[in-house]
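Number of protein chains: 2
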Amino acid sequence: MSARIDMGINSVMETPQAVTKTSFRNAMSSFAGAVNIVTTDGAHGRAGFTATAVCAVTDSPPTLLVCINRESSAAPAFLGNNTLCVNTVGPAHHELAMLFGGKTSTEERFAAGDFVSSAAGYLVLTEAVVSFGCLITKRQRMGTHDVMFCEVTEIVDRFGSQVSVWCRRKLHELTL
Amino acid sequence: MSARIDMGINSVMETPQAVTKTSFRNAMSSFAGAVNIVTTDGAHGRAGFTATAVCAVTDSPPTLLVCINRESSAAPAFLGNNTLCVNTVGPAHHELAMLFGGKTSTEERFAAGDFVSSAAGYLVLTEAVVSFGCLITKRQRMGTHDVMFCEVTEIVDRFGSQVSVWCRRKLHELTL
Chain V
0 MSARIDMGIN SVMETPQAVT KTSFRNAMSS FAGAVNIVTT DGAHGRAGFT
50 ATAVCAVTDS PPTLLVCINR ESSAAPAFLG NNTLCVNTVG PAHHELAMLF
100 GGKTSTEERF AAGDFVSSAA GYLVLTEAVV SFGCLITKRQ RMGTHDVMFC
150 EVTEIVDRFG SQVSVWCRRK LHELTL
Chain H
0 MSARIDMGIN SVMETPQAVT KTSFRNAMSS FAGAVNIVTT DGAHGRAGFT
50 ATAVCAVTDS PPTLLVCINR ESSAAPAFLG NNTLCVNTVG PAHHELAMLF
100 GGKTSTEERF AAGDFVSSAA GYLVLTEAVV SFGCLITKRQ RMGTHDVMFC
150 EVTEIVDRFG SQVSVWCRRK LHELTL
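Heads up: the sequence lines are chains V and H, in that order.
Under numbering that gives the first Met the number 0, the first residue of the first sequence carries the number 0, and numbering increases by one thereafter.
Under numbering that gives the first Met the number 0, the first residue of the second sequence carries the number 0, and numbering increases by one thereafter.
Derived from the structure by calculation, the hints contain no laboratory data.
Possibly wrong hints are sitting among the right ones.
Copies of the same chain look alike in the list, so a pair counts if it works inside one copy or between any two.
What the hints assert, rightly or not - Straight-line Cα separation of at most 25 Å, SDA-like style, residue types lysine to any residue; simulated pairs:
no.	residue 1	residue 2
1	20	79
2	137	125
3	169	58
4	20	81
5	137	150
6	169	98
7	169	79
8	169	135
9	169	126
10	102	174
11	20	105
12	20	140
13	102	170
14	169	40
15	20	102
16	137	22
17	137	17
18	137	18
19	102	113
20	137	104
21	169	117
22	169	16
23	137	119
24	20	125
25	20	118
26	137	60
27	20	110
28	20	161
29	169	136
30	169	82
Just so you know, these numbers come straight off a predicted model, no measurement behind them.
Okay, chain V solo, but in the shape it has when bound:
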């Protein structure tokens, strides 16, 4: 139990911090999220990166969003192609997720994983927890990033797989 004396509403506020890039990034490090290897393939080339900034938006129509740094090496292919695949990963892909989040070349990234092209041309990671093949239907520029709104047109759901979570700058296996 806390020894803090509760003096009523408005009286027990912790001191807010100044909002800076650093304090925002530190605070966001406690924000747990699924780990995703996001891929694209098409006329503008093949690319992939690891992202936690992925979020469901609506089921009508089935839509998710992915944030991408416009300065990243993967951005031109994602901004050129109109499709992507979100592969949510579990413990079997921890090393691969770190590789896709680092500075390795595109060729080395894809050589290290077992990807297959679906009939629609999505690059699906074999044995991911779940894969969402998507058409990018809208983009929203927001500071350094683009938010890509994506309509889901293909799902491979390997329900029952072990799930990973990124939190406090580490990968964790979620005990379900």
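Knowing the structure of chain V, use the given hints to seat chain H on it.
Positioned in the frame of chain V, the structure of chain H alone reads:
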């Protein structure tokens, strides 16, 4: 090790499922996410709901997004006020998170938790893992939902708190 015989790229694709509301929701249930009690207060009233559809966007300027169903009881206050507070919660707030995700009245929701108003008027949940006070700077309509883009103007970071994750339709405590 798997007994599966790898017959080369393109040959080992699991059969994709038809994309329906149900298959999308089922697939998204394996997508682990932080649990947040999102609040608003102002001229258009007080409201709050539990959300996992929250995502960091960029640190320049510090920005996150929150998705809200326009048909939800909480929506009018969020769409009227131009501020909100994202309170990311841990195991101490599992019951409260379920309450804010259910059908309980606004009055009962807030009576069940220890909220304080910050100087800027944000409704901050005492002892949340981290709280982000935000100005809503842009909205994007997407199907049934609005995506609210939020510039963070206040952070209360209780680094070291235990963290919760929503996955497969249950709350889990993340072992860090």
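| Hint by hint, which ones does the structure fall short of? | 1, 2, 7, 8, 10, 11, 14, 20, 21, 27, 29, 30
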